[in-house]
Amino acid sequence: MGYQLSHSAFDDYLHELSKEYRLFAPILQEGKGKFALTDVVGYGEINSFDEMVLKEKSYFSPKEIFYPIRETLFYFLNNRVETPEIDIKPIIIFLRPCDLNGIKRLDTIFLKNGEEVDFYYLRRRELVKFVMIECLEGFDTCYCVSMNSNKADNYEAAIRVTDKEILLQIKDESLDLLDGQTIDFEPDFIKENKVKVTIPNVDDVTKETFNNEIWKEYTARCIACGRCNTSCITCSCYTMQDTKLSDDKRIGERRRIWAGCHVDGFSDMAGGHGFRDKNGERMRFKTMHKINDYYKRFDEHMCVGCGRCDDVCPEYISFSKCINKLNEIVEEGKQND
Amino acid sequence: MTNPYLPTVYEILEVRKETDIDYTFKVSYEGELIGGQFMEISIPGVGEAPISICNFGEGFLEMTIRKVGRLTDQVFELTTGDTLFMRGPYGNGFDLETYKNKDVAFIAGGTGLAPVRKTIDYFSRNQNDIKNLEVLIGFKTPDDQLFVDDIKRWQENSNVTVTVDHGDETWTGETGLITKHIDKLDLSDVDNKIAVVVGPPIMMKFTTLELIKKGFKEENIWVSFERKMSCGIGKCGHCKIDETYVCLEGPVFNYIKAKTLID
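Same order as they appear, the protein sequences are chains A and B. Add 1 to a position in the first sequence, counting from 1, and you land on the number used in the working numbering. Add 388 to a position in the second sequence, counting from 1, and you land on the number used in the working numbering.
Any given hint could turn out to be false.
[Claimed, not checked] Listed next, the stretches of chain B that the computed footprint assigns to chain A, with coverage defined by at least 3 CB atoms under 8 Å from CB atoms of chain A: (1) 392–401; (2) 446–460; (3) 622–634.
[Unchecked claim] As a list, the in silico DSS-like pairs of lysine-lysine whose alpha-carbon atoms are at most 25 Å apart: (4) Lys208(A) to Lys647(B); (5) Lys455(B) to Lys250(A); (6) Lys602(B) to Lys217(A); (7) Lys130(A) to Lys105(A); (8) Lys593(B) to Lys208(A); (9) Lys490(B) to Lys540(B); (10) Lys455(B) to Lys414(B); (11) Lys490(B) to Lys645(B); (12) Lys414(B) to Lys250(A); (13) Lys152(A) to Lys197(A); (14) Lys616(B) to Lys250(A); (15) Lys593(B) to Lys279(A).
[Stated by the list, open to error] Cβ-Cβ distance ranges computed for the label pairs, FRET-style: (16) Thr558(B) to Ser247(A): 44 to 50 Å; (17) Asp537(B) to Asp248(A): 46 to 52 Å; (18) Asp553(B) to Asp269(A): 19 to 25 Å; (19) Asp269(A) to Asp470(B): 24 to 30 Å; (20) Asp470(B) to Leu123(A): 33 to 39 Å; (21) Asp269(A) to Asp571(B): 35 to 41 Å; (22) Ile409(B) to Ile87(A): 38 to 44 Å; (23) Glu214(A) to Gly445(B): 52 to 58 Å; (24) Arg124(A) to Asp537(B): 47 to 53 Å; (25) Arg124(A) to Asp651(B): 31 to 37 Å.
Calculated directly from the structure, the hints in this document are not laboratory data. Glycine included, C-beta positions come from ideal geometry on N, C-alpha and C.
Turn these sequences into a full structure, and let the hints steer you where they fit.
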């Protein structure tokens with residue numbers, strides 16, 4: 002069912018929701034930009050509609066709301082371990098279709114890759130409901146249509162925001178806290194982005210593609226800062242980290258922290274041996290995961306085309322251009338066969 | 389909801405010195421294990437690391453650990469009666485059925501002997517289960533030798549060659565890289581001979597290439613990979629190679645698969 006609400010009526014609705022849920026949306030984070038005295042749009046908790054920033058793409062994805070950058074897994078207490086409690090107030094996240102698709106990828110890795118279910122991911126993820134923000138224009142670096150991630154249906158409610166009003170679709174009845182006349186409203190989806198990518202067919206990607214010269218360009222350009230990893234809605238890798246809470250090694254804390262395949266040390270083993278020393282090899286590794294390897298396991302691509310990696314790269318490396326270049330060399334390879 | 393990340397405390401039953409930097413830790417353990425699987429071991433507040441199981445039996449398992457990092461430095465301070473935390477086992481391990489009644493050569497380099505030790509030992513003790521057991525082991529120097537007593541025992545009923553990269557004045561055995569000694573194996577029926585190769589990446593690469601040159605079929609070669617698994621359960625991403633997760637589908641791979649994996 003749907004409702005047509007003025008901005009202030011929608012604000013009242015958010016206030017009602019906030020009694021039961023913590024509300025997260027893209028907001029302006031003042032002074033948190035890349036440079037001094039600049040702001041950035043990121044995900045944060047809101048109390049009212051006017052805090053939401055919808056005219057820009059959020060610099061970071063919403064993943065950190067339920068997959069924290071650093072999370073305590075448990076405490077060592079002498080000969081036993083104890084898992085800390087978390088805030089169990091349910092959460093509502095306002096997000097675009099690309100991110101909804103990205104979260105499906107995170108769900109797959111944490112809940113379906115291998116036989117074990119990730120306890121820490123699931124206990125936070127189960128608290129979350131989604132309100133999809135209709136996104137018809139996209140932004141300069143988006144290529145969600147090429148990735149089939151422009152549409153989503155895994156949400157509990159959706160909104161269309163205009164200057165005049167807000168149209169609200171509610172699929173989960175528990176979120177229907179409104180009286181008054183209902184309307185029919187279905188959100189629409191973007192049909193074309195400015196940026197388009199062509200993904201090479203996974204069967205056409207060969208060993209030669211791995212060894213192609215194009216990766217050398219990225220060895221020269223990438224500085225291994227890992228911003229593409231941290232901003233990506235689908236990057237899920239992490240590393241264990243322990244910290245001592247007593248000198249006798251009886252009390253300690255185990256955490257996990259986000260890790261990135263572009264960052265030094267990601268593949269290092271004890272004794273010093275590592276893989277992918279060159280940054281171009283890391284670019285190749287990430288690219289293949291996003292548009293090749295993941296597909297082979299789960300029949301869909303990992304990348305959802307949100308374009309954040311292009312937005313955040315300090316070296317102006319464009320992932321969409323990389324995909325297209327890769328497609329060109331794969332096509333050339335086929336012709337040469 | 390079960391939490392696969394929680395480790396359990398286990399008692400150390402015995403610590404044996406193999407070399408100055410490799411100790412074998414015997415730990416109290418009940419449960420099913422397969423040679424070649426690994427455990428995630430940890431010390432509170434220090435860290436966690438994947439360590440392969442080199443031996444197991446009624447009520448215990450053993451791991452040979454090299455002192456090379458923050459965690460293993462601390463593990464080396466542990467002694468009989470102390471405890472450490474573990475979770476696992478993880479990985480596929482060496483399936484004995486693959487090698488039963490076959491002509492098999494186990495080829496190991498350095499600490500690569502640890503993950504395959506149990507499987508060699510099983511066949512050495514159960515000669516009726518294997519058509520022909522051969523072992524080729526390489527160490528850097530005589531001082532780096534592991535499982536010296538086990539190797540002596542295996543030599544009593546099998547063709548076991550030990551080579552060192554660099555000998556010293558007391559060394560009377562073979563010298564040179566493992567790849568130089570493939571000919572010491574019985575290659576009379578190489579079409580049906582199985583090889584298991586475990587060691588540092590560079591050793592595995594050149595050994596498998598040499599085996600193929602000598603006529604081994606690719607499908608008869610098995611390798612075991614070492615990677616830095618943070619989780620062991622397919623989530624952390626550290627051991628991923630292409631679409632393969634070493635912790636889930638490995639660490640033991642057939643060469644047909646292994647040769648396609650590009651780090």
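Going through the hints against the structure:
Note: the segment 392–401 of chain B has 5 residues with beta-carbon separation from chain A under 8 Å; the three-residue rule is met and the coverage holds. As drawn, the segment 446–460 of chain B meets chain A at 5 residues by the rule of a beta-carbon pair under 8 Å; at three or more, the given contact holds. Figure legend: the segment 622–634 of chain B, annotated as covered by chain A; annotation consistent (9 residues with Cβ-Cβ distances under 8 Å, at least 3 required). With a C-alpha separation of about 10 Å, the suggested pairing of lysine 208(A) with lysine 647(B) holds against the 25 Å cut-off.
Between lysine 455(B) and lysine 250(A), the direct Cα distance comes to roughly 18 Å. Compliance with the 25 Å bound is thereby established for this hinted pair. For the hint pairing lysine 602(B) with lysine 217(A), the CA-to-CA distance comes to about 35 Å; that exceeds 25 Å, so the pair is violated. A C-alpha spacing of about 13 Å is found between lysine 130(A) and lysine 105(A), which places the hinted pair at or below 25 Å, so the restraint holds. Restraint check for lysine 593(B) and lysine 208(A): satisfied, since their Cα atoms lie roughly 16 Å apart, inside the 25 Å limit.
The straight-line distance between the Cα atoms of lysine 490(B) and lysine 540(B) is roughly 23 Å, inside the 25 Å bound, and the hint therefore holds. Proposed proximity of lysine 455(B) and lysine 414(B) is supported: the alpha carbons are some 16 Å apart, at most 25 Å. For a cut-off of 25 Å, the pair hint linking lysine 490(B) to lysine 645(B) stands: about 21 Å separates their Cα positions. A threshold of 25 Å between alpha carbons decides the hint, and for lysine 414(B) with lysine 250(A) the separation of about 21 Å falls inside it, so the pair holds.
About 16 Å separates the Cα atoms of lysine 152(A) and lysine 197(A), which keeps this hinted pair within 25 Å; it holds. For the hint pairing lysine 616(B) with lysine 250(A), the CA-to-CA distance comes to about 23 Å; that is within 25 Å, so the pair holds. Taking the CA atoms of lysine 593(B) and lysine 279(A), the gap is near 20 Å; set against the 25 Å cutoff, the hint holds. Our hint of 44 to 50 Å for threonine 558(B) and serine 247(A) holds, since their Cβ atoms are close to 47 Å apart.
One distance hint, 46 to 52 Å for the beta-carbon pair aspartate 537(B) and aspartate 248(A), is violated here, with the actual separation near 38 Å. Our hint of 19 to 25 Å for aspartate 553(B) and aspartate 269(A) holds, since their Cβ atoms are close to 24 Å apart. Judged by the Cβ atoms, the range 24 to 30 Å given for aspartate 269(A) and aspartate 470(B) holds: they are separated by roughly 28 Å. Remark: the range hint 33 to 39 Å for aspartate 470(B) to leucine 123(A) is upheld by a beta-carbon distance near 34 Å.
The hinted range of 35 to 41 Å is satisfied by aspartate 269(A) and aspartate 571(B), whose Cβ atoms lie roughly 36 Å apart. Remark: the range hint 38 to 44 Å for isoleucine 409(B) to isoleucine 87(A) is upheld by a beta-carbon distance near 42 Å. Range check, glutamate 214(A) to glycine 445(B): about 53 Å between beta-carbon atoms, so the 52 to 58 Å window is met. Between arginine 124(A) and aspartate 537(B), the C-beta spacing of about 49 Å keeps the proposed range 47 to 53 Å intact.
The beta-carbon spacing between arginine 124(A) and aspartate 651(B), approximately 33 Å, falls within the hinted interval of 31 to 37 Å.
The structure fails to meet hints 6 and 17 from the earlier list, while all remaining hints are met.
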